[in-house]
Amino acid sequence: MSALTGNSRDDTDGSGGVSPLRRAGRRPVTSRYEIEHIALEMFSDHGFEHTTVDDVAIAAGIGRRTFFRYYASKNDVAWGAFDEQLVRMRAVLAAQPADLPVLEGIRRAVLEFNHVEPAEQPWHRRRLRLILGTPALQAHSTLRYAAWREVVADHVAQRRGEPASALVPQSVGHACLGVCLAAYERWLADDGTELSELLDSVFRSLIGGWSADLG
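Per the working numbering, the sequence shown starts with residue 1, numbered consecutively.
FYI, nobody ran anything at the bench for these hints, they're computed from the structure.
Just so it is clear, the structure is predicted and the values come from calculations on it, not from any experiment.
Worth double-checking, as some hints may not be accurate.
Pairs of lysine to aspartate or glutamate, EDC-like flavour, derived with a Cα cap of 20 Å [claimed, not checked]:
1) K74 x E104
2) K74 x D45
3) K74 x E84
4) K74 x E112
5) K74 x D99
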């Protein structure tokens, strides 16, 4: 049973017509981004825990099978194409010049990883608010954070010629994730800020060392 719309096993009314539960006039969605926008809107309006996969599928005019073709679970909707983005981030890091300082290369890769087109930024705010502020997502988020840190640690380890499990690669991964999270939280708290500028600023502070800034 769907928490919002009752029985949502399909989108017909039992007589062959389209159920009134589907949003009137909405055509079936055709892209992953459209599904995410619908889901993010529903999560904001009704709460993540009170919105089911069936609710999202009905609102999007698709079946459960189509939903799970894009996402392994409801939790994965909030993260969008995260796995594909990690693959791209690895490629960006691997393409950095060998003589470029490691942290500078990571700064560039992080800025590319976090690039969001202006039209998508309001949805990205919703996405980050959901990820950072929903208790039910925290365990899933921990796995995603670990995957992100692994990409950074692997790059640092390759440049240093040591295992990714070594202390320095792991520490750099944690430090870089930490400053990203701080930038995300600042961006969410202040609508007048630019995420790219916040990330750039905090990474430059990390690269330069905070001793001068902190006294």
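Hint by hint, where does the structure go against what was stated? Just the numbers, ascending. 1, 4, 5
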